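Participant: Sequence:
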Amino acid sequence: MLQMFTGYWVTQMVRTAAELRIADHLHPGGATAAEVAEAESLDPASTFRFLRACASLGLATSTDGKRFESTSLLDTLRTDNPDSLRDLALWGGTESHWMPWGRLADAIRTGTPQAQAALGAPVFDWLAAQPREAEIFTNAMTAMTHNLAHQLADVIDIKDAEVAVDVGGAGGNLVQTLMRRHPGLTGKVLDLPHVGADADASAEKLGVADRFTFVGGDFFDKVPSGDLHLLKFVLHDWDDDSCVRILRNCREALEPGGRVLVMELLVDEVGKPGLEPLMDLNMMALSTGRERSADEFEAVFNRAGLRLVSVTPSASLLSVLEAVPA
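The sequence shown begins at 10 in this note's numbering and counts up one residue at a time.
Beta-carbon label-pair distances, calculated as ranges: (1) Thr-121 x Val-279: 19 to 25 Å; (2) His-159 x Ala-48: 31 to 37 Å; (3) Pro-192 x Gly-120: 46 to 52 Å.
Just so you know, these hints were derived from the structure itself, not from any lab.
From a predicted model like this one, the values you see are computed outputs, not experimental measurements.
Note that CB positions come from ideal geometry on N, CA and C, so glycine has one too.
Throw the hints in and build the complete structure from the sequences for me.
Facilitator: Here you go:
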C-alpha cells in the first residue's frame, strides 16, 4: 500500500529524468553527479540525491556510490533512441495530467471531468493556450504512434483501399507506415493546423511525401474523403454523442465500399490486470471520454450508421475494430 500511495513520486522522478536528459548524460560510460550538474546547470548536491534515488528504482547503477551508469530501463528515455519514450514520460507528468488526477474523487462524485476545475478550462482548450504543453502532447502522441504503428500495421488489411485518412493522426506515423508497406496507397492526415509541419516532415523522412497530404481541420466539422478511415486513440477522448458525430462524418466521407478502422484499448473483463481500467480513469479525470468494451463500441457504431464487422487484437494493447456503413 505504501508503494501505491507514493506512486506519484515515481511518476515525477521519471518525468524529471526525461526533462533533465539524465539518460543522455549517463550513456555511454556513466557520469558523476557533479558532471551531470555542470552539463545541465543543476545544484550538485541535489543532483546526487536524485541519481541515488534513480539507482534505487533500477534507473541507474553505481559501483562506488559516486559514478552512475544508465540501465536498459533508463535507456528508453535517451533522445537518440529511435523508440524513445522520453516524450511520453514528459507528457505523463505534466500539470494537465496530475492536477485533474488530484481531483479524481470529485470526478467520481459528480460524473464530470476535473480539467475545468483543476486547470481552469477543458483539457484541449487548456492545451491550446499553453504552447509548450501542447508541443509536449503532440510529441507524446507521435512517439506513442511510432511505437505502435508497426504492431497495428501488422494486423491492418487495407484490402483494395486507395486512399487512407488518418483522422486526428497528428504526425501521421500510422498512415505513413501503411503507405511504406503498400506503395499504391495514398495517405492523408486530418488534424489541427499546428501539427501539419511535423506530419509533412515525417512523410518526407519516410519517403512518402509524393503520396501524402496534410489537411488542417476539425473532425467535428468535416472529414476528408477516402476509402479507409483510421482513428487511433481518438474516440476514447470523447463521450458517446461526440463519438457518434465524428463517426458520422467519417461515414459521410467514405467512398463506396469504404471502411472505418478504430484502434483503441478494450475494457471487456472485470478484474483482469492491465492498463485498460487505469486508462479509463485517466479519461474520467481529464475528459468526457472513456475506454469502452467491444459491445459499447458496437452501440456507438450503430448510432452513427455503421456496422461492426470484426475485432482484431494486435501485439500492442490496442485492438482494431472494423466497421462499414450499415
